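J.: Chain by chain, the residues:
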Amino acid sequence: MIEDIELETLINDVYEYYGFDFGSYSRASLKRRVNRIFHLDGFTHFHEFLSRVRYDPEYYKRMVDEITVNVTEMFRDPAFYRVLRNEILPLLGTKPFIRLWHAGCSTGEEVYSMAIMLKEAGLLHKSIIYATDINATVLETAKKGIFPLRMMKEYSENYRDAGGLEDFSSYYIANYGIAKFNEELGEKMVFSQHNLVSDTSFNEFDMILCRNVLIYFDNDLQKRVINLFDESLAVLGFLALGTKETIKYSISPTKYKQFEKEKIWRKVK
Amino acid sequence: MEKSEIISDCKVVIIGGSAGSLNALMQILPELRPLKDFSIVIVLHRKNTDDQTLEDLLSLKANVEVKPVEDKVPLLPGFIYVAPSNYHLLFEKENILALDTSEKINYSRPSIDVSFESAAEIYGTSLVGILLSGSNTDGTEGLKAIKAHGGTVVVQNPLAADMPFMPNNAILYAEPDFILNNHEILKLIISINS
Numbered sequence: 001m002i003e004d005i006e007l008e009t010l011i012n013d014v015y016e017y018y019g020f021d022f023g024s025y026s027r028a029s030l031k032r033r034v035n036r037i038f039h040l041d042g043f044t045h046f047h048e049f050l051s052r053v054r055y056d057p058e059y060y061k062r063m064v065d066e067i068t069v070n071v072t073e074m075f076r077d078p079a080f081y082r083v084l085r086n087e088i089l090p091l092l093g094t095k096p097f098i099r100l101w102h103a104g105c106s107t108g109e110e111v112y113s114m115a116i117m118l119k120e121a122g123l124l125h126k127s128i129i130y131a132t133d134i135n136a137t138v139l140e141t142a143k144k145g146i147f148p149l150r151m152m153k154e155y156s157e158n159y160r161d162a163g164g165l166e167d168f169s170s171y172y173i174a175n176y177g178i179a180k181f182n183e184e185l186g187e188k189m190v191f192s193q194h195n196l197v198s199d200t201s202f203n204e205f206d207m208i209l210c211r212n213v214l215i216y217f218d219n220d221l222q223k224r225v226i227n228l229f230d231e232s233l234a235v236l237g238f239l240a241l242g243t244k245e246t247i248k249y250s251i252s253p254t255k256y257k258q259f260e261k262e263k264i265w266r267k268v269k
Numbered sequence: 001m002e003k004s005e006i007i008s009d010c011k012v013v014i015i016g017g018s019a020g021s022l023n024a025l026m027q028i029l030p031e032l033r034p035l036k037d038f039s040i041v042i043v044l045h046r047k048n049t050d051d052q053t054l055e056d057l058l059s060l061k062a063n064v065e066v067k068p069v070e071d072k073v074p075l076l077p078g079f080i081y082v083a084p085s086n087y088h089l090l091f092e093k094e095n096i097l098a099l100d101t102s103e104k105i106n107y108s109r110p111s112i113d114v115s116f117e118s119a120a121e122i123y124g125t126s127l128v129g130i131l132l133s134g135s136n137t138d139g140t141e142g143l144k145a146i147k148a149h150g151g152t153v154v155v156q157n158p159l160a161a162d163m164p165f166m167p168n169n170a171i172l173y174a175e176p177d178f179i180l181n182n183h184e185i186l187k188l189i190i191s192i193n194s
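Residue numbers (the numbering used here), protein chains in the order written: chain Y, 1 to 269; chain E, 1 to 194.
Please keep in mind that the hints were generated in silico from the structure rather than gathered at the bench.
Predicted, not measured: the structure shown is a model, and the values here were computed from it.
Ideal Cβ placement from N, Cα and C applies to all residues, glycine included.
Fair warning: there could be bad hints in the mix.
To be clear about the criterion: a stretch of chain E counts as covered by chain Y if any three or more of its residues have a C-beta under 8 Å from a C-beta of chain Y, and this derived list gives those stretches [unchecked claim]:
1. 68-81
2. 156-163
So the derived label-pair ranges between C-beta atoms look like this [unchecked claim]:
3. S169/Y / K104/E: 32 to 40 Å
4. N181/E / S169/Y: 47 to 55 Å
5. H47/Y / L60/E: 50 to 58 Å
6. A148/E / K255/Y: 18 to 26 Å
7. Y249/Y / K36/E: 27 to 35 Å
8. Y107/E / D41/Y: 53 to 61 Å
9. K104/E / K269/Y: 20 to 28 Å
10. E166/Y / Y173/E: 43 to 51 Å
Subject to a maximum C-alpha distance of 30 Å in a straight line, what follows is the list of computed DSS-like cross-link-like pairs (lysine-lysine) [unchecked claim]:
11. K223/Y / K61/E
12. K36/E / K223/Y
13. K67/E / K267/Y
14. K269/Y / K11/E
15. K61/E / K261/Y
16. K248/Y / K72/E
17. K261/Y / K36/E
18. K104/E / K153/Y
19. K61/E / K36/E
20. K144/Y / K36/E
21. K144/E / K248/Y
22. K61/E / K180/Y
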């Protein structure tokens, strides 16, 4: 187990050597992640690990990829996708053009889930989905639209629970343990690296999805990121967070109206 | 078993369980007294898609209020908290709960080991860990961490457990301070800080 003081040393050194600020990350999770990579890569002394991070930029990159959580799934929380399908997409559909942003998209499972929903609502042709993450490695995976075949049973159940009526397997081609999703779904996606901690707004969107990313940030950073989303969201646009996340400590409640019980808020002014 | 039967200065009682543990909780929770300056945190293996059913059931049965767990909610004494489905539950300093969606541990999210280890680090000697019925090994490493940080380790008597594998595994490897049946677990919780 690394010590608290060692974790703070690492955070300081990463900032000093690479300019990346983990200072506002939630410590409990960050410490677990650092411990995990420390043991995974066979270190026994913290100073060895620290000097490797300092002097080996390739290793630094690996460490960042590994300590940021990249676990995601298709149609996670089917109830959320049901509300999206039945309530939100019909409203977005009245617009001539729909711009969406998946912030912290990881390997892209949620982005492909969204593309499937848009396609089934007849809206994909007039949509553009920006998908960003700080981690360049996961974005490469996301661009390919290739996910492990062994996950498809669970995803197809999620899809059905989310109100999906098609044969889920019609959306991908299975081959040697992988499921390659139809290229048509990926045509409206734009992937790019974006750091929620330090980068600014880059467009105006009709819907922003950032599910289970803010849980890794402390309250101050959460507030900053929610304000970044606010700046990037058109009036009457939607913001969707994870099922256990909220905007209520970050922004004036008069500005946003929560959509039923789901963690979806509409910007009303 | 070097610990005395009387536990004082306890801040958190964390209870982990898997298959069969709900039965034990259904016997314990309805009989609780108001919690004296500590919180109870419950981490059960549960279906990913179960949004609220477990919380609703425990709320209905427990005679101590169950507070909903969201990201960064304060952990207040006197209440029960339940780890939400499909997240790991972690503890931050200053009595704050945090959530994490990282890889499943022991095929589980929430994982009992993850929450126990995190609580052990924050609460040290002020922590009581209780492991109930189940049929996998989750919880044992967590109890070892609680022990190492000076907390109190309690394991349900395998004879009283619907699924004895999990308590048995913990007894083998985690050197529990107490091995108790459901009624004795209840008595121990009621006696804390009194």
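J.: Tell me if the beta carbons of K104/E and K269/Y are separated by a distance inside 20 to 28 Å.
T.: About 42 Å separates the Cβ atoms of K104/E and K269/Y, which means 20 to 28 Å is violated.
J.: Does the alpha-carbon distance linking K269/Y and K11/E stay inside the 30 Å limit?
T.: 44 Å, violated
J.: Taking a Cβ-to-Cβ distance below 8 Å as contact, does the region 156-163 of chain E have at least three residues touching chain Y?
T.: violated (count 0)
J.: Return holds or violated for the Cβ distance of S169/Y and K104/E against the range 32 to 40 Å.
T.: Violated: the Cβ-Cβ distance is about 25 Å, outside 32 to 40 Å.
J.: Within a Cα-Cα threshold of 30 Å, do K144/E and K248/Y meet the stated pairing?
T.: 38 Å, violated
J.: Verify the proposed pairing of K223/Y with K61/E, using a straight-line Cα cut of 30 Å.
T.: Distance of about 37 Å is beyond 30 Å: violated.
J.: Please check whether H47/Y and L60/E have a Cβ separation lying inside 50 to 58 Å.
T.: 53 Å, holds
J.: At the C-beta level, are Y107/E and D41/Y separated by a distance inside 53 to 61 Å?
T.: 24 Å, violated
J.: Is it true that the CA of K61/E sits at most 30 Å from the CA of K180/Y?
T.: Answer violated: K61/E to K180/Y is near 47 Å, above 30 Å.
J.: Honestly, do Y249/Y and K36/E meet the 27 to 35 Å range at C-beta?
T.: Distance hint for Y249/Y, K36/E holds at roughly 30 Å.
J.: Starting from K104/E, check that the Cα of K153/Y is at most 30 Å away, please.
T.: 17 Å, holds
J.: Is the straight-line distance between the alpha-carbon of K261/Y and that of K36/E 30 Å or less?
T.: At roughly 33 Å apart (the allowed maximum being 30 Å), K36/E and K261/Y break the hint.
The structure fails hints 2, 3, 6, 8, 9, 11, 12, 14, 17, 20, 21, 22 (numbered hints given earlier, in ascending order).
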